[in-house]
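Colleague: Here is how the chains run, residue by residue.
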Amino acid sequence: MDGNQETTLISCSRCGGSGQEGASVCPVCRGIGTGRMHGPLFLYWGRRIDVFAVFLDSLKSAVDVAVNVLLALLGLLGFAMLAWNANLESGSVLSAAYWHDPNPRLLLFWFGVICVGMLHYRRTVAAARQKAVRFRSYGENLEALQLPADDSVWEAVRALPRDRRIDVSSAYSHQAIRTVNDAFRLARKLRHAKLMPAHLFGSLISTMEVGVMLARLGLKFDMFKEGFSRILASSGRDEHSTVLSAETESALIDAYILAYEGKELKVEPTELFLAVIRADQALQDMLFEFDVDSRKVANVVKWNLADEYLRTRHKRFSAAARLKPKGAMNRAMTSMATPYLDMMSSDLTMAAKYGRLAPVVAREREFEALFRAIEGGRKSVILVGNLGVGKSGIIEGVAQRMVEEDVPEILQDKRFVKLNVAQLVSGATPAEAQERLLQALYEVGRAGNIVLAVSDVGGMVGITAGSGESIDLSKVFAQELARGYFFAICTSTPKEYVNAIEGSALGEALIKIDVAEPEIDDAIHILEAKVGGIGYANGVFFSYDAVEKAVQLSDRYMHERYLPEKAIEVAREAAQAVRKARGAKAMVMGEDVAAIVSEKTNIPLTALTEEQSAKLLKLEEKMHERVIGQDQAVEAVAAAMRRAGAELREKNRPIANFLFLGPTGVGKTELAKTLAESYFGSEDAMIRLDMSEYQDKGDI
Amino acid sequence: MALKFVAVDLVGSVLYYPVWWYAGGMIRFAKFCGGTVVQAAHTLGFTVWIKNLFVPMFGQRDIASRLISFFMRLVTIIAYSVALLLLTGVMSVVFLLWLALPPFVIFEFGNQLLGLLSS
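These protein sequence lines map, in sequence, to chains A and B. With the numbering used here, you'll find the first sequence wraps up at 686, consecutive numbering, no jumps. With the numbering used here, you'll find the second sequence wraps up at 128, consecutive numbering, no jumps.
Be aware that one or more of the hints could be misleading.
Claimed, not checked - Just so you have them, the derived chain B footprint on chain A, three or more residues with Cβ under 8 Å:
hint	segment
1	189 to 198
2	423 to 434
Unchecked claim - Partner residues are not named here, just some residues of chain B that face chain A (Cβ under 7 Å, in silico):
hint	residue
3	Ala11
4	Phe14
5	Tyr26
6	Val28
7	Trp29
8	Val57
9	Met66
10	Phe67
11	Gly68
12	Ile72
13	Glu117
14	Phe118
15	Gly124
16	Leu125
17	Ser128
I should point out that these hints are in silico values taken from the structure, not numbers from a laboratory. Quick caveat, the model's predicted, so the values are computed rather than measured. Here a beta-carbon is modelled for each residue, glycine too, at the ideal position from N, C-alpha and C.
All chains should be modelled from the sequences, with the hints used to inform the complete structure.
Modeller: The structure is reproduced here in structure tokens:
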């Protein structure tokens, strides 16, 4: 299907997309009016939005609340009456006469029971009426819709099964529906002819979820109040009625698609916010003035969803963790204690069961590759990635999934135990180390319910430095691994893998899985899930800008280390610095993070201070205090420095390259020294390579 | 007009209450009762025990241990079965209570009402 067909709304030509013909339902589209395809689904907004419907909605919810409160009170009153009665006629409660003799208190009690039953019924029915977003399961491979382009499209839509023709409004949460109604009220109050995305934006910013997002983006309503009023004022007027605009209808459907793709249960204001901004160019322009583009909004939406995910995951995880046995025994009671192994290892599944491991996010790809390799090869695996890309995080994630038993069968009802190589070899001769390893592996084999994790398995290679009797521990490990009586997940850095493991017996016994450094956006999502904990520990909050800068700046300037670890560390240090400088409940801003990266790398990254910009503007004058003449060279150098100061340069190249030509003594070296002194503070702030020293082969 | 809608809605909901009790509500409650038993079996690891009936316990693979282990597992499975049967019985009674509740409450309520009116 072409993408165009997917994003354009299909409107009924008979009723003009309203779904109504006069007072009755349009016979062609049967009230659907307008809709859109998305993959195998046909989506439409089926809820009426007009003065009457919105009023009826709010009246209904008010009456619902009132009735429920009344029922609860009557129920309470009934039970109070029973207690009172029991008090008055104590001793006879068990006699038949007590219950059968007429008594107004007991009459009220039975009425109260009826009321409680009714309350239960009303609440259950109301909850059942709320539909969930259609669940997109793994492996579900439905064909994309192919609908005719002419009027027969509505027949095809009507012929679709119920679960593929979806009224998106049925999956909107109560709060999301309320914001849509509020938006309509706003539009009506302003006498606007159409309900535009801007009206939705106006009602969304008063919800708590969107409030949190705005705060994270560093936005306050006062900042964009004027711009927002201008956008609202540009809507056309109508004294009598307001209808849904096509953009709004599209945004309402888009919000559902976001929830569907993200496997959310309901459409919440969070998704609606992103959809609304994507639908309205004017809103995007307004936010862009404050350096907020829709990519940033999307990342903050992810952040909100991650918070929500961590909350629900915690609940689900604690429920599952209760079933995971404590200690060495598995559920089948086939295993046995492993006292020797326990001395040189730590039990990861136990740590996960008791919630001591940090949650793992945005690692779906790696988990999938890992589990595929395990299921396919039934062989042990090795995760190969640089320090800090998250190998340990993935190992911990596996332990957490094992607690939930959300893993391939080979890992189910097992313990995940991390072998400590350092403890294994410490203070031992190679022969002793080998004996220890074999003893531990013997226990692993006997217990039969243990999966080993070996971090930096390269540490086993080269334990050969003994006197006379040197043995390579990794060979022993590989030999035992090849016998297949236990299963291991190892980790290693690429360098170590190439040097020591690849091609060796150990390399043969392991399937390699590469763990790449996450992309910038993925690293941002990982950090978003982490900063909640970091902020909580330090009593501060993170702005989105701080999260983004921690990832971007550490990616750009800290080359010796890898994402996401370096970004997490920068964020942690920034949180501590902000706590010290501004106290509890302060917000960590992008500038704070830039200051930390500056401090670590000695590269000026914070926005230019006034003093610095004044210096840049008058750089020529300053340089001319030392260099007489050579105007062309001085101007070129100063211009390049100003460009760099304004960040108008290529990020992965030097600020500028100059070739000064001239006979000895005209001031070529002097100019370089002058720049170093006048801009970087000291004549020594330069590296000088004298090429005349490298003329022979032997010099290099 | 809107008030009429809301009033009709309210009256409808009162009339539908008994129907729901023996239709949607009953199915829901039956699922809840069944789910409680299934969850209990899951918590006890009932199927895990049955699957491992012939697997020796504690990694002891000699003949004597295998024999002891088999009977131990058999006893455990029987004990768990009894417990689950008991629970099933209790949940069935609870389900019957759900069915009997409306007539009983209506009867008691009517009894009190008539008694008070006639006295």
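Colleague: So, for every hint listed, does it hold in this structure?
Modeller: Against the structure, the hints come out as follows:
1. 189 to 198: violated (count 0)
2. 423 to 434: Since 3 is at least three, the answer is holds.
3. Ala11: holds (5 Å)
4. Phe14: Status holds, d = 6 Å.
5. Tyr26: Because about 5 Å separates Tyr26(B) from the closest Cβ in chain A, which is inside the 7 Å limit, the hint holds.
6. Val28: With Cβ-Cβ at 10 Å, over 7 Å, it is violated.
7. Trp29: Given a least distance of 5 Å, the restraint on Trp29(B) holds.
8. Val57: Holds: closest Cβ of chain A sits about 5 Å from Val57(B), inside 7 Å.
9. Met66: holds (5 Å)
10. Phe67: holds (5 Å)
11. Gly68: This interface hint holds because 4 Å falls under the 7 Å limit.
12. Ile72: violated (17 Å)
13. Glu117: Given a least distance of 5 Å, the restraint on Glu117(B) holds.
14. Phe118: Holds: closest Cβ of chain A sits about 4 Å from Phe118(B), inside 7 Å.
15. Gly124: OK, holds: Gly124(B) within 7 Å of chain A, min 3 Å.
16. Leu125: holds (5 Å)
17. Ser128: holds (5 Å)
Violated hints for the displayed structure, listed by number in ascending order: 1, 6 and 12.
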